[in-house]
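Novice: Residue numbers (numbering that gives the first Met the number 0), protein chains in the order written: chain A, 0 to 400; chain B, 0 to 177; chain C, 0 to 175.
FYI, nobody ran anything at the bench for these hints, they're computed from the structure.
Hints should not be assumed to be uniformly reliable.
Claimed, not checked - Distance condition first, Cα-Cα at most 27 Å in a straight line; then the derived DSSO-like pairs of lysine-lysine:
1. A:K292 to A:K320
2. C:K90 to A:K94
3. A:K94 to C:K147
4. B:K3 to B:K22
5. C:K46 to A:K259
6. C:K159 to B:K173
Everything numeric in this text was worked out from a predicted model, so none of it was measured.
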Amino acid sequence: MQVQSYFSSLDNLDGELATLNLGPTHPATHGIFQNVLKMDGERIVSAEPTIGYIHRAFEKLAERRPYNQIAPITDRLNYCSSPINNMGWHMTVEKLIGCELPKRAQYMRVIIMELARIADHLVCNAVIGVDTGALTGFTYMFQERERIYEIYEEVCGARLTTNIGRIGGMERDFSPEFHEKLQKFLKDFPAKFEEFNSLLERNRIFMDRTIGAGPIAPDRALAYGFTGPNLRAAGVDYDVRVMEPYSSYDDFEFDIPIGKEGDTYDRFVVRQEEIRQSLRIIRQAYENLPQGKCHADVPAFYLPEKPDVYTKMEALIYHFKVVMQETPIPVGEVYHAVEGGNGELGFYLVSDGGRTPYRLHFRRPCFIYYQAYPEMVKGSMLSDAILTMSSMNVIAGELDA
Amino acid sequence: MINKSEMPEGYGGEGFFATSLSKAVGVARANSIWPLPFATSCCGIEFMATMGTDYDLARFGMERLSFSPRQADLLMVMGTIAKKMGPILKQVYMQMAEPKWVIAVGACASSGGIFDTYSVLQGIDKVIPVDVYVPGCPPRPEQIIDGIMKIQELVKNEPLRRRHSPEYQHLMEKYQIA
Amino acid sequence: MNLDNGTLLAAIERQFPTAILSHSEPHGMLTIETSREKIVEMLRFLKEDSETDMNFLTSLCAVHYPKQEDREMCVVYHLHSFRQNLRLRVKIFFPVNDPNTPTMTTLWPAANWMERQEYDFFGVQFTGHPDLRRILNVDDMEVFPMRKEYRLEDGTRTDKDDRFFGRDGHEGIEFD
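So that you can see chain A by itself, here it is in the shape it has in the complex:
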């Protein structure tokens, strides 16, 4: 193709390459990362990323916080879909202590996690639209995200950094307003989403901009540790929800969309299709929501009911122990992965029996796949490089941790 012959003529350039500093604060990079690009005119010859501008030392912080105080920290990893991070952490601890949740709690978790996935993909796709110049889709889709935020508020009280769920289940059952809001969302959202889709999916300008921008081959993607929509756009159908089902995902029927070239257009379309599949899962989970309790019977970790705390002695003692975090935690090490908005979000927890983890390592998908960025943009033009970065959905909180 043209790119090959271009590289063979590089030897004649000698000293004509320009160095361009993209970032760390730049309107087009959604997040804080710096890229020092060597450019030949408009084409990028090499890129060198620098990250760490929001390094908040999560792993060290987690060694100093008791188990239930780590959930708000996990919120801030991929903050566009924070319920998924929360649930991942709760499931890791439940795996360590060997706790099995009732079906109702698992279905409730699935509904919340899939709503979070929709919110995350909406941001990413709307932002791809913005970067190609289509601001309208962004303004419409953010309205839909507000509806999702209202649904979160019914469950946990917060919009963005939700801290949803507790170790052992969900903090409270769904309120009547939640049911109203979710039903309204399921009724109204698909039509609005298809409107947004029709703006971009077969739009000549959008397709010309995004097809061929930042492709990656499947074997390179696997070697670079890609997971999630980026890997599925390259053609590998790896999804943690199917490989190692957690929280009753194997009860639901859903498809995994994959792409062919791994370029920006494929990533966009894969995310669009995943939103439709997430809606399908939410419908199945909501229609078949079983009766039962919203939490497991682990009084050592889950706060007892308030009337019991005021009347019964054991409930009072458990309440005290849970709040003061004096619960004995088993010794051991566990690795648990969930399918986050960007791929396999893994938690490697080493416990030595103390109140806080001995070591907690987050396997952050954004950090791992951002390494491939220089290879993906080599030889492309600057505007394609910007599009590639925004289509990879790099969230700075997850990148730096």
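Given the coordinates of chain A, work out where chains B and C should sit on it, guided by the hints.
Specialist: Same frame as chain A, but now just chains B and C:
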């Protein structure tokens, strides 16, 4: 219902209106601020929601976001600033032309937030002077708008000679900003 | 052929009869311990052998155990075989005074930044790494902050009083 901004006190008649220059300039400036969104983390997403249609920051006159510091009036720092980022923030602040205001949105920008760690700057007022702090983690869009309205009050009532006064020079020297 | 923990362990033992120093299955994931001399060969075998087929490096992290003599630093590799749907954890231990261990970037380019992060946090020197320098912390930091002897907070901060947080400034230094 549309709220128009209030006319400053003055004496008017047919075809003329007399008021003090600082009041007129204040009203003009307060309703046409060009913000620079310095969005680093989660508060940045709440800012995007504030700019969205449900909470619409554009009705306060902030339709045009400026990403170039040279053309911005208000530096909105939203999100955690790590120590690695501190010098860059200071550089962006220094590149802005007077008069400039700073709003620290979120607990991390105000005081380090929940991240009391070795790598996080415990509040941006360690490197630049701040006018309004908006606490919250993240603050609701209504809170961010409240902070913006307070900035508008500050802008409206600022005396014209403030930036040349010795107290302001002393403030700049304290932060080692020339 | 379906792989499970037992057959995987047998396959590794067949190839490396002396290299497995210990093995266990905490929470269902086979965990084996080996030495840093054998780690590259073992992971290469696991990746390229058609029976084990561990094609994916899920994660790489380090753990600091200051109380274990001569085995303070531990590097943990999590591998995943997509076709067999099986995960494996491999650990190596080495002293903190000699924190050199071979790099995995020749097998998986994904290990590049993961190893830089562990160098940044713990000071593990990965020999053969193309570009081993700090990635997340400031470039001129002199200490390796995730080691147990360093505290979480910045000791020079003036606006927070440790007494009000129930800390006395010595957290983490004596860890038990």
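Novice: Could you tell me which of the numbered hints above are not met by this structure, giving the numbers in increasing order?
Specialist: none
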